[in-house]
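Using the working numbering, the first residue of the sequence shown is number 6, and each one after it goes up by one.
In short, the hints are calculated from the structure, not lab data.
Mixed in with the good hints there might be a few duds.
Here are the simulated distance ranges between beta carbons [to be verified]:
1. E16 - D76: 50 to 58 Å
2. Q403 - D424: 36 to 44 Å
3. R442 - L310: 18 to 26 Å
4. R190 - N347: 28 to 36 Å
5. E428 - D236: 57 to 65 Å
6. R351 - L51: 51 to 59 Å
7. A453 - R274: 17 to 25 Å
8. N207 - T322: 26 to 34 Å
9. R9 - R274: 32 to 40 Å
10. D124 - P11: 40 to 48 Å
11. P11 - E261: 49 to 57 Å
12. G222 - L321: 23 to 31 Å
13. E429 - G297: 42 to 50 Å
By construction, the Cβ of each residue, glycine as well, lies at the ideal position given by its N, Cα and C atoms.
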Amino acid sequence: MKERSPVCVYEWRYGSQEMRQVFSRDNMVETYKRVELALLESLVELGVAPPKALDEAKKAASKLSAIQVYDEEKKRGHDIASLVFLMGRLGGEEAARWIHFGATSNDVIDTAWALVIRDALSIVKKRLRLLIEKLVVLAEKHRYTVMPGRTHGQHATPITLGFKVANYVYELARSYERICDAEKRILRVKLGGATGTMASWNGYGLELRKAFASKLGLEPHIISTQVAPRDGFAELAAVLAILASTLDRFAVEIRELARPEIHELWEERGSAIGSSAMPQKANPVTAERISGLARIARSLVHVFLENMVLWHERDLTNSSSERVAIPHLFLTIDQILIDANNLVDRLRVDRDKMKRNLYLTMATATTEALMNLLIQRARLSREEAYSLARKAAQKALQDQKPLWIAASELPEIRKHLEDVDLEEVLRPENYIGEAPRLVSEATSYARAVLKEC
């Protein structure tokens, strides 16, 4: 029989094998079994079910495969019911009686999602931590590497490359914080029975839930309907989409600065082909893939927000979409983080090009410094100082002379600042403010976040 060819691009192109394994059919079924056994073990501890039931259920679980469960589902149309009935058949009389006792399917499914998402977030945090650590090193290395600051795509006041990178360090550290903070609301077991009231457990439901949660290493949801609150899933999607968008912005930054006419930063392509038609091209394909996949991450947030709106104590509209959206969201962010780490590893810096670009506009990036000098030393109003500084900048661009020369050639400026070394004040390299110290603050903040969580 011919081997089936993969249909979904996430099976073979995007996401790591490590993340695929977390959301694989086999792992999902193994997690369902783990949840069922934790529930039965708790029932045994409370004296509700006999120990033999647990022994039989464990033996049944060891024999039961995901293929068997989903073959059975084709007949029954319900995966958890299929799992439960098969465990009963493969186990014995006591297992058949007590497996899934008092529970509803989403006690198993939602608790399994929490366990699987915990593993998936562990991978995300590992990759994000590594990326932040790499960017911290890059920011500190280039804290004094001066380059043009840009607002609206135009040269603004000078910055340093370290300052630019430190902004991403700070934002990514905040994303790491968000993940850690959201985990306490997302990673919870759900045990409540048919509508969440625990009626099927005859007064020992809260005690059972406590034992059940303890065995799985998670806190329980305090209250729920038949399903766990979907606000946690929506929060998860939003948090990961924010992370994706920050990395999208970083990727756009690299793409913009890699233009041949700018070429301050770029990703080293090595032997990789940039264009099938134009051999000279070195396209920023890694950065572009980050941007493309970030659109998928953002689009999935809508699905999770829609899933919050269920009928009464529940309906089934969330189930099918979550089976698609949760794995795809994690595989998407997994690939984005893999690419981001790879991009930073291959990032190249041209300090000379940064300096040349800085002086393309004749050092007019420091016109603000000239204006402030006229306000402080010449005691001019802001409007007067602004007008004179602008005139000097226009002259510098027109005559193609550095700003300090153009300013010194204007009598209305020179008369106020004859004793000032304008070149010293107006050189872009001397107008980076607190950028180096701000780099230290951002990297210290990131290190503290990574240490705490």
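Status of the hints after comparison with the structure:
1. Restraint check, E16 to D76: a C-beta distance of roughly 21 Å breaks the suggested window 50 to 58 Å.
2. Under the hint 36 to 44 Å, the C-beta atoms of Q403 and D424, about 27 Å apart, miss the expected range.
3. Checked against the given bound of 18 to 26 Å, the beta carbons of R442 and L310, roughly 41 Å apart, lie outside it.
4. Separation of R190 from N347 is about 32 Å and conforms to the stated range, judged on CB atoms against 28 to 36 Å.
5. In this structure the hint that E428 and D236 lie 57 to 65 Å apart at CB holds, the actual value being about 59 Å.
6. Remark: the range hint 51 to 59 Å for R351 to L51 is upheld by a beta-carbon distance near 57 Å.
7. Between A453 and R274, the C-beta spacing of about 36 Å breaks the proposed range 17 to 25 Å.
8. Checked against the given bound of 26 to 34 Å, the beta carbons of N207 and T322, roughly 32 Å apart, stay inside it.
9. For R9 paired with R274, a C-beta distance near 34 Å keeps the hint of 32 to 40 Å intact.
10. The hinted range of 40 to 48 Å is not satisfied by D124 and P11, whose Cβ atoms lie roughly 23 Å apart.
11. Distance hint check: the CB atoms of P11 and E261 are about 35 Å apart, inconsistent with the given range 49 to 57 Å.
12. A C-beta distance of roughly 29 Å is found between G222 and L321, which places it inside the suggested range of 23 to 31 Å.
13. Taking 42 to 50 Å as the suggested C-beta distance range, the pair E429 and G297 conforms, at roughly 47 Å.
Violated hints, listed in ascending order, are 1, 2, 3, 7, 10, 11; each of the other numbered hints is respected by the structure.
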